[in-house]
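K.L.:
Single-letter residue listing:
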Amino acid sequence: MPFGINETMGQYSELFMLLAAGTYTIAFIAFAWDLAKSSKALRAIDLKAAQAESPTRVPVAAGAAQAGSRSDASHLAGPAGRAERPSSSAAAGNGGGVITADGDMKYAAERRAPARIAVALTVLGVLIHAAGVITRALGAGRVPWGNMYEFLTTGAFVAVAVFLLVLIRRDLRFLGTFVVGLAIIMLVAASVAYFTPVGHLVPALQSYWLIIHVSIAVLSSALFTLTFAMSALQLVQSHRQKTVAAGGADKLGFMRLVPSALSLENLSYRINAIAFIGWTFTLMFGAIWAEKAWGRFWGWDTKEVWTFVIWVVYAGYLHARATRGWTGTRAAWLSIVGYLCVVFNFTIVNQFFNGLHSYSGL
Amino acid sequence: MSERVKVKKKSPAPVAAAKADAALPALGIKGMLRWAWTQLTSMRTALFLLLLLAVAAVPGSLFPQRPANPSIVAQYIKDNPDYGKVLDALQLYDVYSSAWFSAIYLLLFVSLIGCVVPRAIAHFKAMRSQPPRTPKRLSRLPEYGTLVIPADAGIPASDAINGAAGLLRKRGYRVDVRDADGARPSIGAERGFAKEVGNLIFHTSLIGVLVSVALGGLFGYSGQRILVEGDTFVNTLVGYDQFTPGTNFQSGQLEPYSIQLNKFDITFDRESQGKFGQPIDFSAAVTTKENPDAPARDETLKVNDPITLGGTSIYLTGNGYAPVVTVRDGDGNVSMQGPVVAKLQGDNYYSSVVIKVPDAAPDQLGFVGFFLPTAFITPEGVSFSADPELFNPQLTLNSYYGDLGLDNGAPQNVFELDVEDLTPLNARNLDAGGITLTPGASYTLPDGKGSISFDGVKRYIGVDIHHNPGQAYALAFALLAVAGLILSLYINRRRVWVRTGTHEDGRTMVEYGLLARGEDHRLAAEAAALKGLFATEWQLEPESPDASQQTPSSKRDNNAGSPTPAGPAGPEKDQ
Ligand code: HEM
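Chains as they are written, first to last, in my numbering: chain P, 67 to 428; chain H, 316 to 890.
There's no promise every hint is true.
Straight-line C-alpha distance at most 25 Å; calculated DMTMM-like pairs for lysine to aspartate or glutamate [unchecked claim]:
#	chain 1	residue 1	chain 2	residue 2
1	H	Lys-578	H	Asp-608
2	H	Lys-764	H	Asp-779
3	H	Lys-485	H	Asp-736
4	P	Lys-358	H	Glu-570
5	H	Lys-485	H	Asp-496
6	H	Lys-604	H	Asp-779
7	H	Lys-451	H	Asp-491
8	H	Lys-773	H	Glu-704
9	P	Lys-358	H	Asp-394
10	P	Lys-358	H	Asp-596
11	P	Lys-358	H	Asp-556
12	H	Lys-604	H	Asp-556
13	H	Lys-578	H	Asp-662
14	P	Lys-358	H	Asp-608
15	H	Lys-604	H	Asp-580
16	P	Lys-358	H	Asp-620
17	P	Lys-358	H	Glu-731
18	P	Lys-358	H	Glu-614
19	P	Lys-358	H	Asp-580
20	P	Lys-358	H	Asp-496
21	H	Lys-658	H	Asp-467
Covered stretches of chain H, going by a simulated chain P footprint (3 or more residues, C-beta under 8 Å) [to be verified]:
#	region
22	364–371
23	431–442
24	473–479
25	614–621
FYI, nobody ran anything at the bench for these hints, they're computed from the structure.
As the structure is a computational prediction, the values presented were derived from the model and not from experiment.
The beta-carbon is built from N, C-alpha and C at its ideal position, and this holds for glycine as well.
With the rest of the complex left out, here is chain P:
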């Protein structure tokens, strides 16, 4: 073993993790405040506009900058040839009243102070979190993903970091409560249920493939996390759009901060495509590593089974997007099922299923 254990570093790491979880908690509150406040503000604007007797579309466009007028631009309705989808007609037809958020998920001109505070706090949290991950790595003298505790803490870090990176280009702040909330849960679960002091890797994990294989798996999982949230919102949004289009009452006002179901679907498709390539690499590199470690590249070990199942479900998702009648809601369900498999693979399979991969460090 080239590096020794440094337990003091490990203790610093624990402290950083706690601080990060605390900061995230405040950020979470700010994100929730943003959702609540914005939906109130939007309702007030609507009310005023209705009093001014404006036609349906104008008030929103006037109130929330140019967001409303943008969402009906034709290219936002998705690629050509997909216009026959029910979700797309809802998106195009009701762009004015139901949806306020930009279909392209570009930042709008108006400022949302709580959202800005929330993002700033999340950045602060992720920096502290990074310190936690780095001190953990230094303390153990290796990459910080060798057991469940480390998968969770590092995985949460990657999820938040990926989210923030996407925020640079796209206004996905409506996902803030979800992503930050998940990170909090992961950190708490890591400290409470899976705490493991810094330690050496068992020989089975001592390979550069650990660095390659697991880092790509964690990264892909972080992307799947984003698309899971977007697909879930897509289902809610599409239901809401249909309700409103049919003349029903809009009970989910905060969903106006969320882009149309079709925009969600299109962006989550793009992210899922990247994550699918990542997962393909995860699977392949895992197989190469298995060949190096155990002498066979594929042996239907439980972990291998579930990695395969996840891969096939997302392949199904990509197929669904190209199959008539399977786009929209059904594709969203597949994306959700795929993510549930990811979670299952990580939690239940790691802990309760025996297999060659049973080195979760419990």
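For chain P, the structure is supplied; the task is to place chain H with the ligand on it using the hints.
P.N.:
Chain H with the ligand in isolation, oriented as in the chain P frame:
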């Protein structure tokens, strides 16, 4: 088959395609088969089979699997007498070789071939034909824009079209100029054929992976061997403790290499509290020879770092202690001497030991017991191993004499001794008590049956030896599949049409439209980029209201506040 191909087929023979879609098998056997084939190769079926495959793979993680662990399966069936056998009948212990799992993936691959071949043919034709004719109304396309070249620029319609053709060619489009000298010259252009090629490569490579895996099953083999320090393994059938040949294996395939274990070292964790005493490094020093006459080579065998020799790979998969004992029989002769492989049972190398001495006379002798590297006995008399290293090695044994049952030739498990027909000599509940030995000590058996001495401890390793000729192909096809996947997902197939004409007042009017085939979220960006290129080519101010008509995409750019009047607006690089 994808929607696009269907659409394509419909145009020449819409009636036939509609019939196939309506799926009325009132066409006799031939029609029925055709109907079945159409169904099987439809995208919907592929999707269904894919999801079914995912579901079918799950039971293999819920129930123990025979190929991985036959003894656990046998135990499981014994433990669950009510449904254990039923599960077996449903092949739930052999999921991945079961009839139903095989049926799903074979159907899937048949569907895949039925899908890929026609697509490949269609695509091959498309690649050789000219871009489709220019639509009458370009304004109906999802991306549309116009430019106006002032009369004094001196660029007539035909020059403009040639200029546009040049630009598009440079941008990677395949361009066909139509009616260049006519009144309304136009261009049809297309790019992104590699998308479809990538898709075809991807799907074909999946077949390649499957075939490679099958190849490994046919011609591969694997085996196990335990090597105590000092032992040599020679790669012949008798050299293996356990051997699993592929269906087409021939013993001539085995290269007669040899591998000798000189020394095996383990490093234990002495630093961290939580994992104190856990092994953190295994290292086996071995000497290998390619064949009996080849020069000897010293190598190190480690976990995650196999040795390749004679077309096989040799893996370090297990290890343990092998106490060295000497057994003398009732006649006073040495009837057994050497290391005994102790099988791991519990923490800290708590291991079981079975010693069979068939050569002992007048009675055969047998010993059963435990080996503890660091023996520790609680006040209650429970012994356990407190550390994996040899701080206080101890051998505790019971002894038996009688007929071991080895002489009738039936194979026996070396790690088990059936004591039913034997007479006990030493045991804790007998007057003589059990045998407890430390290194260097010896014990004389009661009734003059002989003696046993504990001479020392060696280490042993378990090695797995694998030969899989399909492996390299599987990897190659997998890499090819990823390459195809990336092409398929990230190349956009687009068509562009440009039409020019001369206005009565001498201005040259240019209109263009874009169409994507399949997912393409950057079509608008491409339209904007093309507009920028055209404007530069003809030295126009793209954003001046009379020179260009606003399109949805350029409106967005205005809103974003970053018009690029001169330079081409590069395609957005998001994702
Ligand atoms: C082993 C089973 C299969 C797997 C794992 C698989 C996987 C995939 C994946 C990941 C994609 C998305 C990437 C891309 O666009 O190239 C895809 C696309 C596609 N697959 Fe498959 N596939 C399988 C079988 C099939 C079968 C049986 C068919 C035909 C019936 C088929 C037809 C297609 C088509 C047409 C596309 C392009 C979709 C589009 O235009 O977006 N695949 N496949």
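K.L.:
Against which earlier hints does the structure fall short, listed by number upward?
P.N.:
Hints 2, 3, 9, 14, 17, 20, 21, 23, 24 not satisfied by this model.
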